[in-house]
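Peer 1: Sequence:
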Amino acid sequence: AHDIDELRLAWHKAAEYDSQVMAESWVTGAEYTGAILGREALPLIKLETPHVFYDYDAKYHADDTRYLVPCGLDAEAEDELKTLVVRAFDAVGAEGWGRVDILTDDDGRPWVIEVNTVPGMTGHSLVPMAAKAVGIDFDELVWRILAQTMETR
Numbered sequence: 409a410h411d412i413d414e415l416r417l418a419w420h421k422a423a424e425y426d427s428q429v430m431a432e433s434w435v436t437g438a439e440y441t442g443a444i445l446g447r448e449a450l451p452l453i454k455l456e457t458p459h460v461f462y463d464y465d466a467k468y469h470a471d472d473t474r475y476l477v478p479c480g481l482d483a484e485a486e487d488e489l490k491t492l493v494v495r496a497f498d499a500v501g502a503e504g505w506g507r508v509d510i511l512t513d514d515d516g517r518p519w520v521i522e523v524n525t526v527p528g529m530t531g532h533s534l535v536p537m538a539a540k541a542v543g544i545d546f547d548e549l550v551w552r553i554l555a556q557t558m559e560t561r
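First residue of the sequence shown? That's 409 in our numbering, and the numbers climb one at a time after it.
For the record, the hints were derived by calculation from the structure and aren't laboratory data.
You may find that some hints are simply not true.
[Said to hold, decoys possible] The calculated DSS-like cross-link candidates involving lysine-lysine, where the alpha carbons are at most 30 Å apart (straight line), are: (1) K540 x K421; (2) K454 x K540; (3) K454 x K467.
[As the list claims (entries may be wrong)] So the derived label-pair ranges between C-beta atoms look like this: (4) W434 x D487: 39 to 47 Å; (5) R416 x V526: 31 to 39 Å; (6) D426 x I521: 18 to 26 Å; (7) D514 x A541: 25 to 33 Å; (8) W419 x A499: 22 to 30 Å; (9) E484 x D426: 36 to 44 Å.
Here a beta-carbon is modelled for each residue, glycine too, at the ideal position from N, C-alpha and C.
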């Protein structure tokens, strides 16, 4: 919604499907994703798209979406976001591997927008992309995920 009238309309439309409706503030800023492998956050990936946000089209169809590894943050800022990634993952009780998506607003404040406990594992997916940045190829990544899953069972 771009204004209060659109918000009211959207709210009422959503309420037709469920009595509980959630609304969030729009956050404008840089988007990062942090992959988790075991207890470690892999290097962050900065997502850049000319779309309004990183949507389905930007992810699967657009040729102009950019995935930046290294992400362009200084080491201290990246470490702070990686700590937040691990904390958010832990906060929802997730284990093993996954991904956490973060927006940083125009003031540099981070906003966790998603904890993904079942991220994609294709050649175009973000977890394998982050793993590759630290020298872990796809086959090794799959073996590590399987091994740690067996360890926790």
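Peer 1: Please verify whether K540 and K421 have alpha carbons no more than 30 Å apart.
Peer 2: 43 Å, violated
Peer 1: Given the hint that K454 pairs with K467, test it: the Cα-Cα distance must not exceed 30 Å.
Peer 2: 13 Å, holds
Peer 1: Is 18 to 26 Å respected by the C-beta to C-beta distance linking D426 and I521?
Peer 2: 21 Å, holds
Peer 1: Does 22 to 30 Å hold as the CB distance between W419 and A499, or does it fail?
Peer 2: Roughly 28 Å apart at Cβ, these two residues keep to the hinted range, so it holds.
Peer 1: So the hint says 39 to 47 Å: do the beta-carbon atoms of W434 and D487 match that?
Peer 2: 28 Å, violated
Peer 1: CB of R416 to CB of V526, is that within 31 to 39 Å?
Peer 2: 34 Å, holds
Peer 1: Regarding E484 and D426, is the given constraint of 36 to 44 Å on their beta-carbon distance met?
Peer 2: The hinted range 36 to 44 Å holds for E484 and D426, with Cβ atoms some 42 Å apart.
Peer 1: So the hint says 25 to 33 Å: do the beta-carbon atoms of D514 and A541 match that?
Peer 2: Since D514 and A541 have Cβ atoms about 27 Å apart, the given range 25 to 33 Å holds.
Peer 1: Is the Cα-Cα distance between K454 and K540 30 Å or less?
Peer 2: 15 Å, holds
Hints 1, 4, counting from the list given before, are not met by this structure.
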